[in-house]
Amino acid sequence: MVKPPTEVVAAKRSLRKAMKALLSALDATTLAAESACVARQVVARDDWASASTVAAFCSMPSGELATRPLLEAAFAAKKRVFLPRVDDVKSRKMTMLEAYSLDDVDGFARSTWGIPEPPAGEGRADALDAGVDFVLVPGVAFDGGRGRLGHGAGFYDTWFAALAAGGAAPPRVGVALADQLLPNSKIPDCPAAVPREAHDEVLDAVVVAKRA
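All letters in the sequence shown, in the order written, are residues 38 to 249 by my numbering.
Warning: the hint list may mix true and false statements.
[As the list claims (entries may be wrong)] Label pairs and their calculated CB-CB ranges:
#1 R147 to D226: 31 to 41 Å
#2 G158 to V239: 27 to 37 Å
#3 V46 to F197: 17 to 27 Å
#4 D241 to L139: 24 to 34 Å
#5 K115 to A48: 39 to 49 Å
#6 A58 to G181: 15 to 25 Å
Keep in mind that the hints were calculated from the coordinates and are not lab data. Even for Gly, the Cβ is constructed at its ideal location relative to N, Cα and C.
From just these sequences and the hints, can you work out the full model?
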């Protein structure tokens, strides 16, 4: 039975709240180990190896997989790296602008969410113009069917639509800590899959940390 849209929205909100509480309790050692595990798996992928341009993201200050190892790997491999900048919250507009090095990233100002963002107005290339071969996708929760629950702002939905409108179809690969894969027994009444609305797309792959 298909749930009414209002029920799906409520289910998403409830799952986000529970998952964020769970992730915020992860200790630094676990977070670092799982982030490194995901980075090793991503770097071993053929589509990553063949990519010359990568759309990635900078991590939030806490409760999210650390992307530093992936950024290090991308720059070390001489890939062009593009990172998100939120241009307008109301219209859900996000651009992916080029970052030149880890030192460049370390100099970025932080957004309202505490995330480093590339500055506008410096002539940095836009990923939609430059072309992207591989997309790393953040999320709050994922499932075995490659479903993704985002933070609810819709930035990636809008950016994915713009990417597709330009005729591009690079692999979109979600990256997740072990607890982010559904179902999770630590969350009461946890669904087996991410609640989905009609506009929600599945990813091409999800790389999940392996917990010892």
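Hints, verified against the model:
The hint said 31 to 41 Å for the Cβ distance between R147 and D226, and at roughly 35 Å that hint holds. Between G158 and V239 the CB atoms are about 35 Å apart, so this pair conforms to the stated range of 27 to 37 Å. Checked against the hint of 17 to 27 Å, the C-beta distance between V46 and F197 comes to roughly 19 Å, which is consistent with it. For D241 and L139, the Cβ-Cβ distance of about 27 Å falls inside the hinted range of 24 to 34 Å, so the restraint holds.
For the pair K115 and A48, the beta carbons lie near 43 Å from each other, so the given range of 39 to 49 Å is met. Checking the proposed 15 to 25 Å range against A58 and G181 shows it holds: the Cβ atoms sit about 23 Å from each other.
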